[in-house]
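Engineer: Just so you know, the protein sequences line up as chains A and B, in that order. Sequential numbering from 1 applies to the first sequence in my numbering. Sequential numbering from 1001 applies to the second sequence in my numbering.
Calculated directly from the structure, the hints in this document are not laboratory data. In this text, a Cβ means the ideal position worked out from N, Cα and C, and glycines have one as well. Any given hint might turn out to be false.
Sample of chain A residues lacking proximity to chain B, with all beta carbon distances greater than 10 angstroms (derived) [as the list claims (entries may be wrong)]:
no., residue
1, R73
2, A111
3, A156
4, E224
5, R250
6, R280
7, A337
8, A339
9, R387
10, S394
11, G412
Chain A side only, calculated, beta carbon under 8 angstroms to chain B, not exhaustive [claimed, not checked]:
no., residue
12, V345
13, L347
14, L358
15, T375
16, A380
17, G389
18, L395
19, G424
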Amino acid sequence: MTPTPDPILTLAPDAGSAASARKLATPTGWPDLHAGPTHLWGHCQGSGAQPYLTGVDRSGPDAPAFKCSCPSRKFPCKHALALLLLHESHPQHFGCDPAPDPIRKWLDGRAAKHAPSDSSPADTDPAGETRSGPDPAAQARRRAAREKKVSLGLDALQTFLNDLVRDGLAQAAARPYSDWDTQAARLVDAQAPGAARLVRMIPEVLPHPDRLLAHLARLHLLTEAWPRRDTLTAPQQADLRAALGFPLDRAATVAAGGTDTRWLILGHTVSDEEHVRTRRTWLHEGGTTALLLDFAAPGWPLPPPLPAGGSVRARLSPAPGAVPQRHVLDGEATRSAPAPLPVPVTLEGLLDAHGAALSLNPWLERTAHHLGPVTVHPPARDGDPWRAGDARGSLPLGGSDTARLTLLALGGGHPQTFTAEWDGQTLTPLCAGQDGTLNPLDELEHDDGF
Amino acid sequence: MTMGSDLPALLSAALIGTERAPLPTPGPDTTGQAAARVTRDDPAGTLLARAALLTLAATAGRQPDPPAPAPIPAPTDPRPEAPARAARHLPHLGGPLLHEWLTLCHTHGSRAPALYLPRLLSLATQDRSLRVPLARVLGERGRWLAPHAGHPALAHADAPDEPTWAALSDTDRDTLHRVLRDLNPDAARYLLRTHFDTERAASRKRLLSAVLDTLNDDDHTLEPLLEGALDDRSPDVQTLARQVLQRLPRSALNARLAEALHDPGTPPSPRDGLSGGPQARLGHVLRHAHPDALLHATPDGPPALITLARDHHLLDDLIAGTLTHRHQPLAQALLPHAPTPALRALADPHRTLQSGLHDRDPDLAALAHHPTPWTPDDSHAILTLLQDTLRHVDHPYQWPQRWRTLHDHAWHLHPDTRPPAPLPPDAPHHAQSVWHDLTSTLDTRRQIRHDFKEHP
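Same shape as in the complex, but just chain B (with noise of 0.2 angstroms):
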């Protein structure tokens, strides 16, 4: 409260106390001058009598307090917000719906209403998962408004400044180098060689398990930086570098591999991970080395690397390096040597689904491999097959977990799904909440989406 002109005085009155401080003489001023006609009997009714003249007269008369600095305003923002019907949904989404809408939001070239961002902000504290789907949408009101928001990491676009980065807990940093890997990877990479070698091993292991999580072809230009971490003081680091440059086909680690992989005589280098024996070594090149790195060292094609690997006993450590690294053709050549679910469903994830589905008995694996969402004949296939073994559940356990697994995919399902006929009236209250739920969540997707094509 801006107190007027006699009210300290009268405040240091009444702290002390009126039995050891005199009350103030008022002041000639207006206000002061009719306080001193307000006099009683006991000096701390005066006191108070005054303070409520006073305290009324300063509250009645109240200025604005001295202009704050103004904020820098926020850039104008190129892309449009999302349309009013897509907006709508908002503050009823959680989870994979807002996953949806906000990857939706992304894909027609929106960006996420200024009314919602603050709580989108405050969700994505509670939920690391929603950050880089949000950041895509954020704009750039969004991103003027993280720091008040407490995410000064999505306040970014690009590289920051030095500072800017030296201000940032772990966590942020983190999160900063995820947003910019999906916003502008070259930013991300220049931000990972600028700063890496100054990060601490916890930081250092985030930094480089962002890259395994989002790696891409253009990543090959961070290979010099990962062949140094693969010496790095750190093991989780030179092993998270060594899982990088696995999974980067033409890396000079790989070709290393396979130069391995046809001479025995190749000696134990710990660095790349060949320790032990002969056979140990070859085992670790088949399990780790990308099988295109591979292919590319064995002339003769897939039947020739197979045969090898037969030869060695090692043809488990290549059917675990083709599942590691989802390779579909080698994961062909090797279905006839080992018809593992597993492997079917990686060479053809469509016709494994289409059987699966025929005998009603999916293979989740295949489900993997498959390309989502599921199209809309699977995913009414899908959907009718749930419904019949969801027809006579009434608690949760009873339904086998193969097909509970199933419903916690049903994110896949084409939104298009043309569902099948309600449940019976007579089925158990537990199947038709279920069969509600699913149901009713396809009916929002699809409106969704029906609202971000059809209101743009």
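Next up, chain A with everything else stripped away, as it sits in the complex (with noise of 0.2 angstroms):
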């Protein structure tokens, strides 16, 4: 499978390489680019005389591998980064001359080492051939290097939120940027780059000490449980190699299998994150509310969205967890008729939903909810939050000033539905209920056309 430029970019060593990379991801530097069935080689017009000989192997358990002549200590080089987006980008540009003998021998090398060493007649097809499939060893031994790194890098967490606790949080905003960017860099380097994440979000939760506390107690609880990951059950365990970022393993998950039927899209939002552009799809479908999530590098275009507020016909299946909230699409998804809205849930209702889901997954970071009948109530006084009401309460309601004036005009002061996702501390809205339909909020937020 070709990766999309946001895998490729995932790859990059640290965020210059990937930079680099989408620079260089032109036609114009390379004079010679050449695909062959499992691989891809070109040459890089770099600065000195003699261009640079660069390949990438698509085969094999530990594909994509990459070698370069360029004298770069990163790995993989940003020329190597910058052949896998080309091909992405302009397959049209590739030519199919054999490889060059550094790159044959390479290739050969990599060949021989992957191939079984006793071939049985179940391994060889018809044509004599051997299939390259997945070496179990060799993957438990990279499985262990990187359980290693990341025990190693959480415990150096654990360290560095303890000292936070130690000296005293009132400290915390005095420290300078660049210790959060060191400690997330560290996790990086450990590959949980879900804990990195959490770190990096730190200095937005710093003037509200309360939910700082509650945002380094989440990731104390991280460093907690990996050591303890062997006497969780298999979907937590799952859940808590998520929410270290370790990556999906999105044919594992397709082959478990799928729903196949009408999904109803609740809505999206996007978010960006230092590095990438998140994009989350809520669906329904009977009781079952999936998450959907796509990833771009800055500058890159996210994959068309779902419609929202639209119906699709697809087959999704869950990610492993002790909630089934993210799925994976396998295939295509098409329009189809409406499908009926979920029967909206009172705000005691959502909470108590969210509590339920969080009491499965201590990690999980939001939900989405047809609500209603609730009230939109604007500020009452300046610097006051909007707020969505019923009789018994109200939450926070928190996205765009047209997406929250939107529902207001939709619902005049008088109790409407909508969809939005609950995060702990505000909704944000998705799509306003109208008729028996769902609006997109966001479209209206986004649309140029005006």
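Join the two chains into one complex using the hints; note that each chain is given alone, in its own frame.
Structural biologist: This is the structure:
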């Protein structure tokens, strides 16, 4: 499978390499570009007289593998990443010349390394060629190596968190930003990008001591759960790994089976974090609310969104976890007849559902709901938050000004229904209910036609 | 976040630091007892582990916050929302097309759909010219919403009370006054009479400018106020008041000016704009007094007035006054004496236009006096002319200024205009692009009208 630009750039050793690779990913700097069945190679004109010879092997259990004649000590180097990006964006520029000797030898060596030592008949296809399959022993070695790195990284994080609390959180705001960045970078090196993301979020919560303590406690829980992971059930381990940023095995998730049915799209939200733009698409069917995640590197577009408020026929497979929230789309989603709206829940119902999910997965960040009947309350005074309320209480209403005003306009101060994402602090409205249909609020937001 | 009973104490200790503050004793409640069982080697670790337990419990067990004060609901709207077929265009419209949509919505007795109100109000923040057309179609829901969207001036269809007026900025007062001039002119005049004297000079100027821009015959009732403004402290306000009074044909100021027309002995009156010698004063009268007032004071009609002006070598002043007041009868009478293009266009815009189209040289001044939208036949002729002149244009400035100006007026083309045949395929890219924009805009306008008419 050819990785899309986002996963390609996640292979970069640092943000600088990713940025450089993006710049290099134009055919003009590559006098030669060629693709074989499982490999790519090309010459990239660098600063020296001789172009660098770059190759990518997309076969084998550790694919993609990289080779480049450049002197960079980063691995993979920007040239190798750019070669992958180029093949994704400009496949028509690739010829099919045989690879030059250095690349050929490297590919042969890799093939020999991954070939089974004694091929059984079942591993050989009718043409007599050996199938490349995962090597369980190598996989186990790699897994062990990664887990060791994660353990070291989380040990260091625990020490850092304890130091923070020992010194007093009142001092935390005075720390330079580089403290958080350094700690996050160490966690990236330790292959725990999920924990790194949470560390990068610390400056956002510094002005709110209660939220800061909750955030640090959540990180602390990760550091305590990891050494005890063997005592957790398989779904709980999956939740822990997801929270730490272990990549989801999409193929295995799809292979485990899914539901091919008509899904109602409750809406989507897009958030930008340091190195990645994330779109969360919430879908609903029967009693299941599914979350699809799409990612894009800065400057790259997200894939086309599913129609918020509309319905699609799609096969979605749930990722392993105690709460089957994240799903993977298997194949294409096609427009379908409108699916019925889920029965709306009250604010208490929403909090109950969120709490129940949290009790199963303490790292769950958000849940989505069809809410109502609730009334939108604009702030009574400057500085007050917007609120969504019913007779029993209210919750803060976030989202954009346009989204909130649209809800207010549609409700006119009367109870109404809408879909929203709840993150434990704030409701983010997604679609407004109107005459039995959902109107996406983010499209009004981004429409540039006016 | 709602904090559990032990969390505040835990937070205090965390803020101070476990090096200096002891760990708080867990409370007797269930979560407190659960927290008491959580201990680690290090007080900081114990604090964080307990905080993890308590914050999770607090989040999972969170109750809604106390109810917020309920907003006063929007009043019921007597007018229906614009039909969905017409509303579907809204997200794609801008500038003059959006103006046209709002006007059609008003003409068909509809109001803007609630779904689009926030975006429309936001656009009105950037574009002042949208505010009045939008105010016409806001309906009760839109007026109710306007203050929450930062448009307190659009919340009223009647004169507001004193505290509300006092709380508005100068810009909002101007907007409110202009909106009321359109929606409820009596309320606008009441507003002016009530607040004009206490406004700052800049605000008084804005209020009078709005009157001048939207003057109608009923504004004669404002005369006492305007007469008073002739003595205003601000010369700008005096000038504006004088201009408004000059535009009201039956105003006392016009009567005084007309009196001076036949009485060279009338003393100077700077308040009325009459200063300098008799010739200068007569020139001012001919240039500024309303032609109806001048003709009323000249029993022998336009010929006598023209003769008077010519005898005093002040025909240019009379022509200028005729054009300012767009006085067609006087323009027709003046034409034999001064056949200028401007007078010809004012005197008979239709004929001037037809003749210009025939000669492939349309008079742009005549178009300004022509009722809009132009008739489908005139529009077709203008469109054909534009196409002919555009055919070989491959960059904007290759197209002569007069055609570019005519193109700028294309909003006045009738939407039902039969478009000429397309440009030939070998026409330059720029020509194709301009032509495509022009015809697709006409298509959109036609579709919007159709949607309003056929899908009530």
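Engineer: For each hint, tell me whether it holds in the structure or not.
Structural biologist: Hint check results:
At roughly 37 angstroms from the closest C-beta of chain B, the C-beta of A/R73 stays outside 10 angstroms, upholding its exclusion from the interface. Annotated as non-interface, A/A111 keeps its C-beta farther than 10 angstroms from every C-beta of chain B; the closest such distance is 49 angstroms. Here A/A156 stays apart from chain B, with its beta-carbon at least about 14 angstroms from theirs, past the 10 angstroms limit. Listed as a non-interface residue, A/E224 fails to keep its Cβ farther than 10 angstroms from every Cβ of chain B; the least gap is roughly 7 angstroms.
Once the 10 angstroms rule is applied to beta carbons, A/R250 is consistent with being away from chain B; the minimum gap is 30 angstroms. Once the 10 angstroms rule is applied to beta carbons, A/R280 is consistent with being away from chain B; the minimum gap is 19 angstroms. A cut-off of 10 angstroms between C-beta atoms confirms that A/A337 is not in contact with chain B; the least separation is 19 angstroms. Look at A/A339: its CB is around 21 angstroms from the nearest CB on chain B, clear of 10 angstroms, so calling it non-interface holds up.
Interface exclusion of A/R387 from chain B breaks down, the closest Cβ pair being 4 angstroms apart, not more than 10 angstroms. Listed as a non-interface residue, A/S394 fails to keep its Cβ farther than 10 angstroms from every Cβ of chain B; the least gap is roughly 4 angstroms. The beta carbon of A/G412 sits about 4 angstroms from the closest Cβ of chain B, which is not more than 10 angstroms, so the claim that it is off the interface is violated. Interface restraint check for A/V345: the shortest CB-CB distance to chain B comes to about 12 angstroms, outside 8 angstroms, so the restraint is violated.
Look at A/L347: its Cβ gets to within about 5 angstroms of chain B, closer than 8 angstroms, so that hint holds up. Checking A/L358 against chain B: minimum C-beta separation of about 4 angstroms stays under 8 angstroms; hint holds. The beta carbon of A/T375 is positioned within 8 angstroms of a beta carbon in chain B (closest approach about 6 angstroms), and the interface hint is therefore held. Taking 8 angstroms as the C-beta contact cut-off toward chain B, the hint placing A/A380 at the interface holds, the least distance being around 6 angstroms.
Below 8 angstroms, beta-carbon pairs count as interface contacts, and A/G389 has one with chain B at about 5 angstroms; its hint therefore holds. For A/L395, the interface hint holds, the least distance from its beta-carbon to any beta-carbon of chain B being 6 angstroms, beneath 8 angstroms. The interface hint given for A/G424 holds, since its Cβ lies 5 angstroms from the closest Cβ of chain B, which is under the 8 angstroms cut-off.
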